[in-house]
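Chains as they are written, first to last, in the numbering used here: chain H, 1 to 485; chain V, 1 to 485; chain G, 1 to 448; chain U, 1 to 448.
Any given hint might turn out to be false.
Unchecked claim - Label-pair distances were calculated between CB atoms; the ranges are:
{"#": "1", "chain 1": "V", "residue 1": "32", "chain 2": "U", "residue 2": "375", "range": "14 to 24 Å"}
{"#": "2", "chain 1": "U", "residue 1": "437", "chain 2": "G", "residue 2": "437", "range": "45 to 55 Å"}
{"#": "3", "chain 1": "U", "residue 1": "375", "chain 2": "H", "residue 2": "95", "range": "49 to 59 Å"}
{"#": "4", "chain 1": "U", "residue 1": "176", "chain 2": "V", "residue 2": "317", "range": "12 to 22 Å"}
For the record, the hints were derived by calculation from the structure and aren't laboratory data.
Ideal Cβ positions, reconstructed from N, Cα and C, are used throughout, including at glycine.
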Amino acid sequence: MIKEIREPLIFEISEAGKRAAELPALDVPKTKNLLAGVALRREIEGFPEVSETEVTRHFTRLSQKNYCVDLGLYPLGSCTMKYNPKVNERLSGLPDFAVSHPLASEELVQGSLEVLKRLETYLCEIAGMDAFSLHPAAGAHGELTGMMLIRAALEARGDARKYVLIPDSAHGTNPSSAHICGYSVKEVKSNEKGTIDIEALEAVMTDEVAALMVTNPNTLGVFESDICRVAEIIHAKGGLVYMDGANMNALTGIVRPGDMGIDVLHINLHKTFSTPHGGGGPGSGPVGVKKELVPYLPVPVIGEKGGRFVLDFDRPATIGRVRSYFGNFSVIVRALCYILTLGPKGVREIAEFAVLNANYIRKNLEGEYHLKYTTPSMHECVFSDKIQKEFGVTNLDIAKRLIDYGIHPPTMSFPLIVHGALMIEPTETESRRDLDLFIDAMKAIAREAKENPEILRSAPHVAYVSRLDEVAAAKFPVLRWEKKS
Amino acid sequence: MIKEIREPLIFEISEAGKRAAELPALDVPKTKNLLAGVALRREIEGFPEVSETEVTRHFTRLSQKNYCVDLGLYPLGSCTMKYNPKVNERLSGLPDFAVSHPLASEELVQGSLEVLKRLETYLCEIAGMDAFSLHPAAGAHGELTGMMLIRAALEARGDARKYVLIPDSAHGTNPSSAHICGYSVKEVKSNEKGTIDIEALEAVMTDEVAALMVTNPNTLGVFESDICRVAEIIHAKGGLVYMDGANMNALTGIVRPGDMGIDVLHINLHKTFSTPHGGGGPGSGPVGVKKELVPYLPVPVIGEKGGRFVLDFDRPATIGRVRSYFGNFSVIVRALCYILTLGPKGVREIAEFAVLNANYIRKNLEGEYHLKYTTPSMHECVFSDKIQKEFGVTNLDIAKRLIDYGIHPPTMSFPLIVHGALMIEPTETESRRDLDLFIDAMKAIAREAKENPEILRSAPHVAYVSRLDEVAAAKFPVLRWEKKS
Amino acid sequence: MSYLSLSDKDKKEMLAALGVGSTDDLFCCIPDAVRLKRELKLPAAQSELELVRTIEEIGRKNAYSRHLSFLGGGAYDHFIPTVVDYLSSRGEFVSPYTPYQPEVSQGTLQVVFEFQTLICQLTGLDIANASLYEGATATAEAVLMAQRITTRNKVLLARTLHPQYREVVRTYIKNIGLEAVDVPYGPDGRVDKDALGRTLDESTAAVVFQSPNFFGVVEDVQALSDAAHGRKALSVAIVAEAVSLGLLESPGRLGADIVTGEGQSLGVPVSFGGPYLGFMACKKEFLRQMPGRIAGQTMDKEGRRGFVLTLSTREQHIRRERATSNICTNQGLCALRATIFMETLGKQGLKELAWQNAQKAAYAADRLGSVPGVRKKFSGPVFNEFVVELAKPWPAVDIGLRGKGIIGGYGLESAYPELKSCALVCVTEMKTKDQIDRLAQALQEVLS
Amino acid sequence: MSYLSLSDKDKKEMLAALGVGSTDDLFCCIPDAVRLKRELKLPAAQSELELVRTIEEIGRKNAYSRHLSFLGGGAYDHFIPTVVDYLSSRGEFVSPYTPYQPEVSQGTLQVVFEFQTLICQLTGLDIANASLYEGATATAEAVLMAQRITTRNKVLLARTLHPQYREVVRTYIKNIGLEAVDVPYGPDGRVDKDALGRTLDESTAAVVFQSPNFFGVVEDVQALSDAAHGRKALSVAIVAEAVSLGLLESPGRLGADIVTGEGQSLGVPVSFGGPYLGFMACKKEFLRQMPGRIAGQTMDKEGRRGFVLTLSTREQHIRRERATSNICTNQGLCALRATIFMETLGKQGLKELAWQNAQKAAYAADRLGSVPGVRKKFSGPVFNEFVVELAKPWPAVDIGLRGKGIIGGYGLESAYPELKSCALVCVTEMKTKDQIDRLAQALQEVLS
Ligand SMILES: Cc1ncc(COP(=O)(O)O)c(C=O)c1O
Ligand SMILES: Cc1ncc(COP(=O)(O)O)c(C=O)c1O
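Assemble the whole structure, with the sequences as input and the hints as a guide.
Below, the structure is given as structure tokens:
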């Protein structure tokens, strides 16, 4: 009979008159009838009132209810949950950067502009592209920007076209981004190897197709080895090839998208380049392009004139602005720090050891868990719950049980072509010990699935909360706290 | 059957060749036969080799195995575990302070010297003393320094004397500090009120007694209301009165030791002035003195000459240095920040609400737990396990059970005059809610002691480890990791 | 410096276990023709100490930080309590991802739930999401949302809406048959209501306006909302300076159907424009059309309260091309900062903060207005920014002020050609009276 | 700004519950005669923003940070990896106290256990404690410890031991019948072995020497230990520059019985002299005489490993006046920093760090030695500091260098009157070749 302290909502411990912060007394003569004629509010109803002790305890306690990369392996497939270097956190917040204002004239922010230009240059080299735009705030934003560029280029050629081809294994943002660009999506079936089916592709590729959006390695962690042929097919019919670079972690220094026929791609700095995921952002999704698409890049473009960095707005063909200012700057600083720290050899090692770690896990779990596609894996491997289903155990049960072993579950929501998917991406920053802890846990769970399936179905047992009722949450939405009346 | 991940020792996960930090390549011409003729080591045997990921995870996980003020009430009597303001942490590490060197000449470190001088000045006002030295690194160090000052003053009067009087309720550092000063300790019995027995004091006070070391409020949380009379008695026989200011949190702005006959005292910045306890320091134990003792203060003394701060070494009567350099500087910065933030009213509120909170707890637990001394409480109250003993439950069992309720136990190791003591000091920074959570837990435990004593004796049940075998630890000491051979 | 955690022994053993000789063999499936045969052309690896020196040196090239600046215009210099930095930098908040696994993400999820609640309280609306990228894209999302709700294909954009926000809206809508029409402003610096009346019609999905607007002028939210509703269009209020909500009546109470905008003011550093924090709140009935993540309350098997991401049938990973938005990763850590900031300042603090901003701006407006050659351009009531018109062309004045170490404001001519020699001056609580007076003094010297 | 957490309602209700009208009534037991009848004379309360401005302004009065400095002498400017700052600033490490309750303090206790192990490995001895205040008091504790062990009443202090450490030892022993005798140094800057032989006798409890010593010279630890042991005295080796232990043979292996000193170099900022980190290691047989806290390994009821504070019968809270020391609160958080620092650099890193210090100091010694009017004072081998003798009086040279923004070293005359116009120059890995050359260049100009 142990009474566990549950963390209340801040509103539930609020008490009139408390405060955790004060301001200096106003040092200017008071203006009477300030904002005369404007509707002012009496108070912010329901807004909390607590002390600094309470704020600190509230968020310290809440933080401890999170699993995170700083606590252990986080094999969330497709998300590249690698270690986030602490020095990058510090440098991204340097006062010289933190205070610099996006509306200041160029001469006053040469340092910030140099950060942007340098990262653009390094990304071009790593991805083999001719130019990069750092505006996009995340991967999906990069996709949208990239597809707008494609549309602009095709319009310039005379016809924006109707369709975008997307493999059935793609991430949900791909079709959604294409749609916002005014394109209809045509799905391309994967073959038994889990890669794009060339015949199928040739069949759907017409001169009404604007582009193919391909993820490479794809979301099965499989490299599209026919990628050059694929690009030819698209290009032959006047289409362009967009690459979702979310899985760039498998390729750095090994192969460059620009060298395999890709016209446009986005990269996730919060994946490949180690910027933290922050519980759901901020990320950054730079877009890289080949020459033909450079004229359409979003404004402003960072230019150089006489050794100074300038903001170039004189881009008649630009798609326009895709966000305010210049991108998620402090995220960009982190990525720059990461590349400068690793250097050429280190950047190549990202891919080498991300792939080694993934294959080490695959090797050790093969047999225990079903592997629908036996094609060689790159940086991640996608198992399924097929074997465990026989015992009435689903990938969800396996995932929740993993929590009891102190490890974060893999991705399960996709790829949709693998039912009951367990998409595992360890990344290169993991130690052998942490990989083995995960492998042992997965093996133990496979055993439990046979011998004691109930312990999986009722998992997790050691978390702050047991399995939560997501159906009820959606059926009777409670989306905010409200004062009990 | 849940496999919990135990945190290994860093040495147990070390692997040859790993590293978490690198240095720039040497940029000076290499010197051959460096340190010729000097015995150099081949390697640091057993030293760990891990990656930054592993270092971060190791210490993040370890940190979560600590209870702390940032997580909740920490009613450790006599330790004043109040909230540690975050802004003070930040300011204490400002680069201008962090890099300033203790051997730099005065003109180059005027800022650091101003910090010291300001805190000395404010502490003089708060304690009612004529001068302060910030050298002592902690309370015990302050006691030692203070007793050395007393000895020096008495020697100057012609006789250092033999004895120091210390009440039986005193903290262990008092007799120990007196001893290192070459004094023998005579214990003074407390009366039924828990305060110094005037007759007993008069009986032991002779012209062989150098000083009385008194803690006020004493370790029972009781104010020595005869303090003036006590001081008279000591002074009448040519002795001096030393006050252990560990409990200053009960007095700030209400009464000043200097106004009640105290000649020397120390204050714990890591208690009264909110500097963090750091898992056992660093602290700071400034010593305050009356005029007569000023000549003996440790060197250097911070002086002022022509609006500049200077280091005064020209102190012929000084007891000398008590430590290198000038004290625990960054701790001193924090205390200064705290006083500047609170101001006169705020400093008084420390005592007002520390005492209110302690009495609120006392009021709510009276009856449930035995209170040996019913004298009014100041900032803390000392219960005992007398009632629970009947059920075979000790203060240790109560303490360990409190852990199951998510709250840190009170102090139990002293005062020695209360057997099975539970010394409770909430401090002024606690919320009503946290006080009530503690009170409810203590009441529930009192109930459990009657109805289910075993659950107390086997407590804690929810901690990372259950009750640890301290006897075995002392009997078969294992004080370091060693490579399994 | 590398961040790998494998020893050479580990690598050897793992490669052996896979039966390959080197990591190279792991990439066999990549056509040799396209493989990179050379080392990447990147600067040599740097140790931490070198990196720190490199980046600090780049930072010092920002002369900006050595000036006294009165820039605002969508990015505001506000006080950030240290607890915000400390708590938001804890690894447990920084290093997890979107809370897909609620049982091990209750920290993040409860924070999002509290954030949604705080945004509802500030905006005076029923529901809010977990964040969007930033103010401009949030505005674009609101426009797309209005189109979905009304199935109408025209949106009116007040010219007093942040110019960059308007540009972004146009970028977003140009490919999907939505038309945007600008609505002019009057001499008071507010939306010209007659002009609005003339452009509003049955095809109008929404009237999109900002208050306080780009000129710092507080719009008549009630009137604009009434006008929109008169034609069954939606009233979409944009807030670029969230601190203003501590003092101004909430747009929700004044009729806005959707309130969205920029939350940077709430504890997020200016940081050269990002990362910031788009927020969005709306009326209950539009829930299914809302973009972005939403956290909801539920229970676990023991009946204990817990939080989860919910209503994801709106989202791309379920709905694919028919999703309400393509957004996936949003601005979680910035939303956390805003949550800590709002809870730290609290009811009194945020109100006082807003009040001080208005007071200081009012003082500055008077003070500058008294300088010969300076006149307040618009008559409308302002929050913490205002437009001044100068007797000399702004570029010259700007240079003059910079010579005195001051960045006096943001020249408006590029965005508003008609506002020749006009500048937007922002004054937050961070500016002291002395600094304001310094600006006035400097202006006087530059203009005389 | 106050840090109270009680609302006015709370206060009223709590006072009522206690049956008192105001907090004043809670202090009835304090004689009215002595109570303070006025408000304290302290500066008015400041908000966080004002405090930050006040303290930053005080900080800017440290001209030191705008100079290139070669100061060492017991406080060393070393690189500190960011992980050290981040991890050691976590509230769970900063805000608990001494781990009196092991079940809720396993984090702190395991750190202490690892710290003790690392110190043993560095010093080459059997056991270590959880930390002492700093180097000087640690030296004094070692002296008292030696007296307890040997029951002898004389200690020999090498004059090459940090002058402040010697002063503190004398302060500590003056009241307890212990005598301290200084042992001179020779032209090599090391302890004069003949002089030592002459002063060593049957009443000598310990020979206390520092290596690398205050002149940066590495002492012959083996020879000094042998000499001490020859008279059954203890060999007490002091280490003020802990980084040197990455390269130099451990004093334990060279015969030292007690190794103690200053751990600041291991990840603790220079911070104007504190807080620092005294450490102490010794041979097993002296365990019961060791001062300070010690963590030990044990098991819980389920047989799981755990750690506790142990052997506390040595300590003041049990032993009272017969304790081995009066120390209670020590330097826990600094020991944590040192632990993270040592584990981050690791076996290779610490060795390379030490090696680079020696290399750079060697280069600097040559470079400065080649400047006319500068000569290396001592012939003994140095680690990262060395003494130069100048053709002009140091104060003049010092002023000259400062005029060029350089703090060239620490003038020795005040501590060593015989070392006129001599200065101690320290060169750590933080100094670049350019900076060393700048110093040489500047010296040349100042001396010519
Ligand atoms: C394959 C893939 N594409 C695109 C995205 C979208 O990226 P973001 O979440 O940064 O918008 C993701 C995100 O997880 C992804 O895994
Ligand atoms: C009453 C009392 N006196 C003295 C001390 C010693 O202070 P420090 O631990 O700072 O040396 C303490 C420490 O808890 C104490 O409670």
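Comparing the hints with the structure gives:
Evaluation of the 14 to 24 Å hint for residue 32/V and residue 375/U yields a pass: the beta carbon distance comes to about 22 Å. At roughly 47 Å, the beta-carbon separation of residue 437/U and residue 437/G lies within the given 45 to 55 Å, and the hint holds. The supplied range of 49 to 59 Å is broken by residue 375/U and residue 95/H, whose beta-carbon atoms lie about 44 Å from each other. Judged by the Cβ atoms, the range 12 to 22 Å given for residue 176/U and residue 317/V holds: they are separated by roughly 20 Å.
Hint violations for this structure: number 3 only, all remaining hints satisfied.
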